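J.: Fit chain B with the ligand to the supplied structure of chain A, relying on the hints for placement.
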Amino acid sequence: MREIFLAFAAMAVIAFGASYTLGEMGFSSQDQTTGGSVRLD
Amino acid sequence: MLRLFSVFLLAMFFALPAYAQEAEPAPDRSATGGAQTLEDIMRRQQGLEVDNSFRSSNTGNPTGGASPTDQLGTLGGASDPDLWRGLRFDSADITTQIQHPAATVLIQDTGMWWLQFREGPLTKYGFGLVLGTMALLVLFYLIRGRIRIDGEKTGRKILRFKSIERFAHWLLAGSFILLGLTGVISLLGRNFLIPALGPEGFSTIAIGAKWVHNNVSWAFMLAIVMIFVLWVVHNLPHRSDINWLLKGGGIFGGGHPPARKFNAGQKFIFWSVIILGGSISASGLSLLFPFELPMFAATFEKLNQFGIPQLLGLGELNTNLAPHTEMQYAQLWHAIVSFVLFAIVIAHIYIGSVGMEGAYDAMGSGEVEEQWAREHHSLWVEEVKSKEAKAGGSS
Ligand code: HEM
Numbered sequence: 001m002r003e004i005f006l007a008f009a010a011m012a013v014i015a016f017g018a019s020y021t022l023g024e025m026g027f028s029s030q031d032q033t034t035g036g037s038v039r040l041d
Numbered sequence: 001m002l003r004l005f006s007v008f009l010l011a012m013f014f015a016l017p018a019y020a021q022e023a024e025p026a027p028d029r030s031a032t033g034g035a036q037t038l039e040d041i042m043r044r045q046q047g048l049e050v051d052n053s054f055r056s057s058n059t060g061n062p063t064g065g066a067s068p069t070d071q072l073g074t075l076g077g078a079s080d081p082d083l084w085r086g087l088r089f090d091s092a093d094i095t096t097q098i099q100h101p102a103a104t105v106l107i108q109d110t111g112m113w114w115l116q117f118r119e120g121p122l123t124k125y126g127f128g129l130v131l132g133t134m135a136l137l138v139l140f141y142l143i144r145g146r147i148r149i150d151g152e153k154t155g156r157k158i159l160r161f162k163s164i165e166r167f168a169h170w171l172l173a174g175s176f177i178l179l180g181l182t183g184v185i186s187l188l189g190r191n192f193l194i195p196a197l198g199p200e201g202f203s204t205i206a207i208g209a210k211w212v213h214n215n216v217s218w219a220f221m222l223a224i225v226m227i228f229v230l231w232v233v234h235n236l237p238h239r240s241d242i243n244w245l246l247k248g249g250g251i252f253g254g255g256h257p258p259a260r261k262f263n264a265g266q267k268f269i270f271w272s273v274i275i276l277g278g279s280i281s282a283s284g285l286s287l288l289f290p291f292e293l294p295m296f297a298a299t300f301e302k303l304n305q306f307g308i309p310q311l312l313g314l315g316e317l318n319t320n321l322a323p324h325t326e327m328q329y330a331q332l333w334h335a336i337v338s339f340v341l342f343a344i345v346i347a348h349i350y351i352g353s354v355g356m357e358g359a360y361d362a363m364g365s366g367e368v369e370e371q372w373a374r375e376h377h378s379l380w381v382e383e384v385k386s387k388e389a390k391a392g393g394s395s
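If you read the sequences in order, they're chains A and B.
The opening position of the first sequence corresponds to residue 1 in this note's numbering, with each subsequent residue numbered one higher.
The opening position of the second sequence corresponds to residue 1 in this note's numbering, with each subsequent residue numbered one higher.
Chain A with its partners taken away, still in its complex shape (with noise of 0.2 angstroms):
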């Protein structure tokens, strides 16, 4: 039962862990689609 939970929150984690990173990283569909001239944020 102990497992389950870990998984879950490690599934949390994961998740959030990849969105933060691959946003930081310049892979948002609004980095990787806007030209060098569009200033976002």
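These aren't lab readings, by the way, just hints derived from the structure by calculation.
These numbers come from a predicted model, not from an experiment.
One or more hints might be untrue.
One-sided and incomplete, this derived list gives chain B residues near chain A with beta-carbon spacing under 7 angstroms [what the hints assert, rightly or not]: (1) I98; (2) H100; (3) S163; (4) W218.
Ideal placement from N, C-alpha and C gives every residue a C-beta, glycine not left out.
T.: Quick look at chain B with the ligand alone, frame taken from chain A:
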């Protein structure tokens, strides 16, 4: 049955591009001065291939018009229809701020078959497969009932899966189910959920589902790697698998054929998860980084080299794929393989929970009733006992 169906789906998948390539003799267009004829329109309405070569390059001549500064000068040598033809056949001169490889493709003329296949056969047969499997399992339950522990329970427990193994399993199971649900939301959105929830309601759900699907995918990929590393040694073929298969696993009686840690049925589940799950991950990555990781032209090239499509009577597969076409193949493959794996996994979930007494404990607490282990994995119990005896003897 399942395998037959997946072969059928595969054949359909490879047949489509071949179907799209069939050429017809060009009709006589002198009556319309070279423009499309009633026959072209009728063919299109019947869903037949229309040869567009008569107009695909008919996109005007920008330098051919009289100069606008001349008397009675024109605004150029290309009319609006010329421009639309240029857009449709991807020869217009486009500049855009958007920065991805296919950004200048505003109309993808070859994409309609994909759209129709995705909304038609893919959805229909995909759900047919999953719901059909569920119905078969209900039928199986009604006929066979729960597989009970036959012998007297001993009250003794054997450790079957360590904590890390159970963690990896639940990471795999949790992420797979979440990815299945959120994937289906994307697939059914336009045709089923927007009519039911309205565009605004669906939009909120779709944004959430997409976020979950994109990001939880990493947990699934990590879990596949963990499961592979942890269990591959127990899933290599073994002599005992043949006997187990010949006896049908003893599912419909005939005793309990001996098995090691995993029986042949479980090995089938394991390799399905690794191979199909790996393929879903690869096509998923291709979709996650649009246009960056095209895989199909290269795969088709390899298949052509090995002569596989030729053997199936499909001729050489087209290896000159446009960026959008690559993405469309990736989407179809991702969804088809997911449906197949889902159907397999549903059967696994059934047998690991309601279908068999004592099975769930292996992934719950990690410890199973010794009698259960003796009935379903007798060779494994012997291995464990002899290891214990050796360890006891040497200490
Ligand atoms: C959520 C419901 C699920 C339950 C109740 C469940 C239960 C189990 C149990 C009890 C075992 C151990 C069998 C044994 O002791 O021999 C097992 C093994 C395994 N599970 Fe699951 N499972 C679930 C979902 C999944 C999913 C979604 C996947 C993959 C996508 C998966 C993949 C595997 C694999 C590869 C094995 C090892 C091979 C096998 O025993 O068939 N499981 N599962």
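J.: It remains to establish, for every hint, whether it holds in the given structure.
T.: To see whether the hints hold, each was checked on the structure:
{"no.": "1", "hint": "I98", "verdict": "holds, 5 angstroms"}
{"no.": "2", "hint": "H100", "verdict": "holds, 6 angstroms"}
{"no.": "3", "hint": "S163", "verdict": "holds, 6 angstroms"}
{"no.": "4", "hint": "W218", "verdict": "holds, 5 angstroms"}
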